[in-house]
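Q: Here is how the chains run, residue by residue.
2 protein chains.
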Amino acid sequence: MFNLFRSTVNIAHGYLKTVVKPGGVAVDATVGNGSDTLFLAGLVGLNGRVYGFDIQPEAIRRTTEAVIENGYSELVKLFEQGHENMGDFINEPVDAVVFNLGYLPGGDHNIVTAPETTLTGVIAGLNLLKPGGVMCIVMYTGHSGGPEEQERLESYLRHLDKKLYYVCKIDFLNRNKAPFLLVVEKASEVSMGGLK
Amino acid sequence: MFNLFRSTVNIAHGYLKTVVKPGGVAVDATVGNGSDTLFLAGLVGLNGRVYGFDIQPEAIRRTTEAVIENGYSELVKLFEQGHENMGDFINEPVDAVVFNLGYLPGGDHNIVTAPETTLTGVIAGLNLLKPGGVMCIVMYTGHSGGPEEQERLESYLRHLDKKLYYVCKIDFLNRNKAPFLLVVEKASEVSMGGLK
Numbered sequence: 006m007f008n009l010f011r012s013t014v015n016i017a018h019g020y021l022k023t024v025v026k027p028g029g030v031a032v033d034a035t036v037g038n039g040s041d042t043l044f045l046a047g048l049v050g051l052n053g054r055v056y057g058f059d060i061q062p063e064a065i066r067r068t069t070e071a072v073i074e075n076g077y078s079e080l081v082k083l084f085e086q087g088h089e090n091m092g093d094f095i096n097e098p099v100d101a102v103v104f105n106l107g108y109l110p111g112g113d114h115n116i117v118t119a120p121e122t123t124l125t126g127v128i129a130g131l132n133l134l135k136p137g138g139v140m141c142i143v144m145y146t147g148h149s150g151g152p153e154e155q156e157r158l159e160s161y162l163r164h165l166d167k168k169l170y171y172v173c174k175i176d177f178l179n180r181n182k183a184p185f186l187l188v189v190e191k192a193s194e195v196s197m198g199g200l201k
Numbered sequence: 006m007f008n009l010f011r012s013t014v015n016i017a018h019g020y021l022k023t024v025v026k027p028g029g030v031a032v033d034a035t036v037g038n039g040s041d042t043l044f045l046a047g048l049v050g051l052n053g054r055v056y057g058f059d060i061q062p063e064a065i066r067r068t069t070e071a072v073i074e075n076g077y078s079e080l081v082k083l084f085e086q087g088h089e090n091m092g093d094f095i096n097e098p099v100d101a102v103v104f105n106l107g108y109l110p111g112g113d114h115n116i117v118t119a120p121e122t123t124l125t126g127v128i129a130g131l132n133l134l135k136p137g138g139v140m141c142i143v144m145y146t147g148h149s150g151g152p153e154e155q156e157r158l159e160s161y162l163r164h165l166d167k168k169l170y171y172v173c174k175i176d177f178l179n180r181n182k183a184p185f186l187l188v189v190e191k192a193s194e195v196s197m198g199g200l201k
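Here the protein sequences come in this chain order: A and B.
The numbering of the first sequence is my numbering, which starts it at 6 and goes up by one.
The numbering of the second sequence is my numbering, which starts it at 6 and goes up by one.
Calculated directly from the structure, the hints in this document are not laboratory data.
Values in this document were obtained by computation on a predicted structure and should not be read as measured data.
Note that the Cβ used here is the ideal one computed from N, Cα and C, for glycine as well.
It is possible that part of the hints are untrue.
What the hints assert, rightly or not - Per the computed footprint, the stretches of chain A lying under chain B, defined by three or more beta-carbons under 8 angstroms from a beta-carbon of chain B, are:
| no. | stretch |
| --- | --- |
| 1 | 159 to 169 |
| 2 | 184 to 194 |
Said to hold, decoys possible - With a straight-line cut-off of 27 angstroms between C-alpha atoms, the simulated BS3-like cross-links for lysine-lysine are:
| no. | chain 1 | residue 1 | chain 2 | residue 2 |
| --- | --- | --- | --- | --- |
| 3 | A | Lys174 | B | Lys82 |
| 4 | A | Lys135 | A | Lys82 |
| 5 | A | Lys135 | B | Lys22 |
| 6 | B | Lys182 | A | Lys22 |
| 7 | A | Lys22 | B | Lys82 |
| 8 | A | Lys167 | B | Lys26 |
| 9 | A | Lys22 | B | Lys135 |
| 10 | A | Lys26 | B | Lys135 |
| 11 | A | Lys135 | A | Lys26 |
| 12 | B | Lys26 | A | Lys22 |
| 13 | A | Lys168 | B | Lys26 |
| 14 | B | Lys168 | A | Lys174 |
| 15 | B | Lys82 | B | Lys168 |
| 16 | B | Lys26 | A | Lys182 |
| 17 | A | Lys168 | B | Lys167 |
| 18 | A | Lys182 | A | Lys82 |
| 19 | B | Lys26 | B | Lys182 |
| 20 | B | Lys167 | A | Lys22 |
| 21 | A | Lys182 | B | Lys174 |
| 22 | A | Lys182 | A | Lys26 |
| 23 | A | Lys182 | A | Lys135 |
| 24 | B | Lys168 | A | Lys26 |
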């Protein structure tokens, strides 16, 4: 049998598969090495759309190449922009938003996501979600500023209205310093938008 | 869209659906009002088997009736026994074991699961799991002895070998005193048995 719970990314992907369907719209808020962008493109297919954001030119360059190689150029739109600005580039409701917080694996470890822009990006993403849409945040806190980023983010999420958002933290109990997963699901019966 | 994360039970059921297949074998370690027994019976179907345990005669009586009404008599085996003894009654590997820790809803609130027998039951269940099999523990800690039960159980699970078991805790961040979910997945490549 297949082990869904063998890693945070695996749990997130298993869950996203049940939510993001062909023709859907998804956002990779932290493109990095592009693996989530490609994964989401595979889920939405040629009638869907994926928006990707990263402030690192190298991440956008590498991922652009991978997107072309995989035949996804028509449906993937990449922006060399921080995710805090995603609302300026996306004018449609989305099924899913994915964040990978920390640094770009194999990239410059001095360039990390930061508490302030992360929170702004998360709020922008929540406002874009369709009712029933989801946000998955994979969080590594080993980098400098990591614990502060976690604290800012969790204290925001703890105060989200429980009737509008289902907010779960998924943690490995028997691993040290493992990344963990935050899942925010927008209630399927509510209308969109309006977070400050 | 459907909200998987609207409750702990919902998360557990959504996950169990992906693991427990027709012809499979499952254990309801805390039968209670029988809802998990019936849910599991629906998943394994007429070629599968469900074992249920509860120390309360009323729980076994009610659930036996419901099992008959639903046409599951052939595949469900109920025991008026504590789950700590499940190893004495099950002689085959199982795909899933489900625990609901706390008291029987609508039943006698003085009869609750207890730290010692819970831990014994969990260990017995882990030993019965097939490679790739799962345990889902929905935990309410509001009852007397609840926090101690949680502490005993989590401190045991924290020390499970991370190569053999994937152990996750799924918690609601924006709810007070909500039940939470513990998931233990046995690695799919390991052989069975042997926990003390």
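Q: Hint by hint, note whether the structure agrees.
A: Hint check results:
1. 159 to 169: This one holds; 7 residues, not fewer than the three required, reach chain B with a Cβ under 8 angstroms.
2. 184 to 194: Coverage by chain B holds here, the residue count being 5 at a Cβ distance below 8 angstroms.
3. A:Lys174 with B:Lys82: 35 angstroms, violated
4. A:Lys135 with A:Lys82: Answer holds: Lys135 (chain A) to Lys82 (chain A) is near 19 angstroms, not above 27 angstroms.
5. A:Lys135 with B:Lys22: 25 angstroms, holds
6. B:Lys182 with A:Lys22: Violated, at about 30 angstroms.
7. A:Lys22 with B:Lys82: 35 angstroms, violated
8. A:Lys167 with B:Lys26: It is violated: about 33 angstroms lies between the C-alpha atoms, which goes past 27 angstroms.
9. A:Lys22 with B:Lys135: 25 angstroms, holds
10. A:Lys26 with B:Lys135: 32 angstroms, violated
11. A:Lys135 with A:Lys26: 13 angstroms, holds
12. B:Lys26 with A:Lys22: Given pair Lys26 (chain B), Lys22 (chain A) holds - Cα atoms ~19 angstroms apart, limit 27 angstroms.
13. A:Lys168 with B:Lys26: Violated, at about 33 angstroms.
14. B:Lys168 with A:Lys174: 22 angstroms, holds
15. B:Lys82 with B:Lys168: 33 angstroms, violated
16. B:Lys26 with A:Lys182: Roughly 34 angstroms between the alpha carbons, so the hint for Lys26 (chain B) and Lys182 (chain A) is violated.
17. A:Lys168 with B:Lys167: 35 angstroms, violated
18. A:Lys182 with A:Lys82: 33 angstroms, violated
19. B:Lys26 with B:Lys182: With Cα atoms ~33 angstroms apart, Lys26 (chain B) and Lys182 (chain B) exceed 27 angstroms; violated.
20. B:Lys167 with A:Lys22: Holds. Lys167 (chain B) to Lys22 (chain A) sits at ~25 angstroms (cutoff 27 angstroms).
21. A:Lys182 with B:Lys174: 15 angstroms, holds
22. A:Lys182 with A:Lys26: 33 angstroms, violated
23. A:Lys182 with A:Lys135: 33 angstroms, violated
24. B:Lys168 with A:Lys26: Outside the cut-off at roughly 33 angstroms; violated.
Taken one by one, the earlier hints fail for this structure at numbers 3, 6, 7, 8, 10, 13, 15, 16, 17, 18, 19, 22, 23 and 24, listed in ascending order.
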